[in-house]
Amino acid sequence: MKRVFAVLSLLLCFGCDAPIEQPVARTKERPVVNIPLKLRQENWVGSRDEGSCVHATMISLFRWQGRYKMADYWRRTHENGEWPDDMAAKFDRAGVRYAYVENGDVGFLEWACRTRRGCGVTVMGGEHMVALVHLDSKWAALLDNNMVSKFIWIPRETFIAEWKASYGWAIAPVYTPAAPPPQ
Amino acid sequence: MNRILLSVCLLCAVFIACSACYADSTTVNGVLAEKRVVNLPNDQDKWYVSVVGNDGDSIYRSVLRWFGENAALVDLKNKVHFCQVASGTPIYQERYAKNISTLPTVRVQKPDGTVIYEASGANIPMSAEGLHAAIAGGIDCAQGIRPILPWRRYMNNKPCPGPCPGPDTQPVEPDPAPQPIDNGGAPEVDAPSAAAGAILGAVGISVIAVCVVLVIVGSVLAGAIAQWKKGSKG
Numbered sequence: 001m002k003r004v005f006a007v008l009s010l011l012l013c014f015g016c017d018a019p020i021e022q023p024v025a026r027t028k029e030r031p032v033v034n035i036p037l038k039l040r041q042e043n044w045v046g047s048r049d050e051g052s053c054v055h056a057t058m059i060s061l062f063r064w065q066g067r068y069k070m071a072d073y074w075r076r077t078h079e080n081g082e083w084p085d086d087m088a089a090k091f092d093r094a095g096v097r098y099a100y101v102e103n104g105d106v107g108f109l110e111w112a113c114r115t116r117r118g119c120g121v122t123v124m125g126g127e128h129m130v131a132l133v134h135l136d137s138k139w140a141a142l143l144d145n146n147m148v149s150k151f152i153w154i155p156r157e158t159f160i161a162e163w164k165a166s167y168g169w170a171i172a173p174v175y176t177p178a179a180p181p182p183q
Numbered sequence: 184m185n186r187i188l189l190s191v192c193l194l195c196a197v198f199i200a201c202s203a204c205y206a207d208s209t210t211v212n213g214v215l216a217e218k219r220v221v222n223l224p225n226d227q228d229k230w231y232v233s234v235v236g237n238d239g240d241s242i243y244r245s246v247l248r249w250f251g252e253n254a255a256l257v258d259l260k261n262k263v264h265f266c267q268v269a270s271g272t273p274i275y276q277e278r279y280a281k282n283i284s285t286l287p288t289v290r291v292q293k294p295d296g297t298v299i300y301e302a303s304g305a306n307i308p309m310s311a312e313g314l315h316a317a318i319a320g321g322i323d324c325a326q327g328i329r330p331i332l333p334w335r336r337y338m339n340n341k342p343c344p345g346p347c348p349g350p351d352t353q354p355v356e357p358d359p360a361p362q363p364i365d366n367g368g369a370p371e372v373d374a375p376s377a378a379a380g381a382i383l384g385a386v387g388i389s390v391i392a393v394c395v396v397l398v399i400v401g402s403v404l405a406g407a408i409a410q411w412k413k414g415s416k417g
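Residue numbers (this note's numbering), protein chains in the order written: chain A, 1 to 183; chain B, 184 to 417.
Extracted from the complex, chain B is given alone in its bound form:
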């Protein structure tokens, strides 16, 4: 009898331990619900990349496609505030039309609005890699970083013979642009997905079930051994 009581106590202890593991979960109408955790993104120091153009313009569409397909530009897009602006929209008319001369335009700005790179019309590089290199060069220049290009490593003391090389002669993969301060990483304010919650719930139930089975099996074995010992003594 004592062993049965001990088994029940152990079972209760397992349940208490398991419930303590899930203290962050609350029960709402019998459904496990995760508490909402909101991390406000302190991304006021993020830079801005604006791509402005006419929806019917092939270069504009190409540039937008590059920002969705080219790995380096996708990476850049994820590190900045990316603004896609179509001409003819109110936001274009009120905030861009006055300060853009030619469409399409790619503009990179600091948080205070300082333009550190801008290319428009025919000046936009013809490849995604070229555009990324040009933007990276602009960002480096804005931060006072002057990378030494391979073909110039031993020519620092020679005067520059002509105009500086264009963006397409820069390395395809320059040093990555420094990530603006984000105070805690990528902004994530969405509640955990239902799928994640379901997986978590399933794992929890599995753990509890295994513990219960182990305790029951242990109790049965202990009882059987006790009975066997009692029988052998008798």
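For reference, chain A alone in the conformation it holds in the complex:
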């Protein structure tokens, strides 16, 4: 009788327990700034025979953040290489909302990827700019405007060392990133 009572008590206890919510599997998008292939701007040679990597990177990010008309305008009106101050002045004149650092502050890169906006980052000793489209505790992903067909994944520390050795300039338009894929 005692055993039956114990079994019944156990069953009642199970019945009173709160329902356990099953964990829902969520697939995080990688890279977080997953710019569609058709929106990626390839680098082009400007009138001074210089590459336009900074502008190409900004155009890709403009498109990712829904600024298509600004992207088209920028493609038509800007070319050649850029310096941080000149680029800031051009953004100011055009009324672009942006943020940038040129002191190698990794916090800026983390902010840009945490908010899914991405940013342009200098590499190759400052000779080239690419888009940083992902940064987590282990990996960084870059979108090179000289090869837009695929993302380049490299270890986080390797990328940060490269960036800091390249003047540590990073610049990002600050608008609305594309919505994540539905879950």
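Simulated from the structure, these hints should not be mistaken for lab results.
Quick caveat, the model's predicted, so the values are computed rather than measured.
A portion of the hints provided could be inaccurate.
Simulated crosslink set (PhoX-like; lysine-lysine; CA at most 25 Å straight-line) [stated by the list, open to error]:
| hint | chain 1 | residue 1 | chain 2 | residue 2 |
| --- | --- | --- | --- | --- |
| 1 | A | K28 | A | K150 |
| 2 | A | K69 | A | K38 |
| 3 | A | K150 | A | K164 |
| 4 | B | K293 | B | K260 |
| 5 | A | K164 | A | K138 |
| 6 | A | K69 | A | K90 |
| 7 | B | K281 | A | K38 |
| 8 | A | K28 | A | K138 |
| 9 | B | K260 | A | K150 |
| 10 | B | K262 | A | K28 |
| 11 | B | K262 | B | K293 |
| 12 | B | K260 | A | K69 |
| 13 | B | K413 | A | K28 |
| 14 | A | K38 | A | K150 |
| 15 | A | K28 | B | K281 |
| 16 | A | K38 | A | K28 |
| 17 | A | K69 | B | K262 |
| 18 | A | K138 | A | K150 |
| 19 | B | K281 | B | K293 |
Position chain B against the provided structure of chain A, taking the given hints into account.
Just chain B now, kept in the frame of chain A:
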């Protein structure tokens, strides 16, 4: 003579005090320039509202107009990442075409992509107020909030006789959706406008001018009184 020296010293003190008030300003080529202050928006917790449709579709255009005119929807738009997506664009083809069945579509998502409200085609409410109420209901449901509607306040113990009421029977103005954490309010990264700078500069110059005039008038009065006293003594 001592009083004149005192006046000059006072004048200098006023100038030093005024310049200290404007320590944040720097002079560039003789022009007062405000230092750039950048507040990076930590808005990774903002939700997303996507309005997807064909540019030629009247419902799509109406919904977009509602988000620009209806106060409640404008308020909502300002609190989320608002994505306007036209069909036929690359962003639509690569990120929306696979997961949208009918156009136009209004979709509300959490930052991780979880869809908490979606209406498309004929299921989109016919008024801006209805759409806002439907979205608000979706947000409340997603957060486990179940507001008691007025006509149900005394019917909690009764079984639901049929399907739940649609969005258009909900209150026109439900509780406002909780604002996602923004870590410092609205994102503002633009430099102060030229007009604001000009007003600030004008106010500063006015303050300095008034101080200078007051010091000069005070010095003159003090001198005159001293002379008068000297004359009356003589």
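- Of all the hints given earlier, name the ones this structure violates by number, lowest first. 9 and 13
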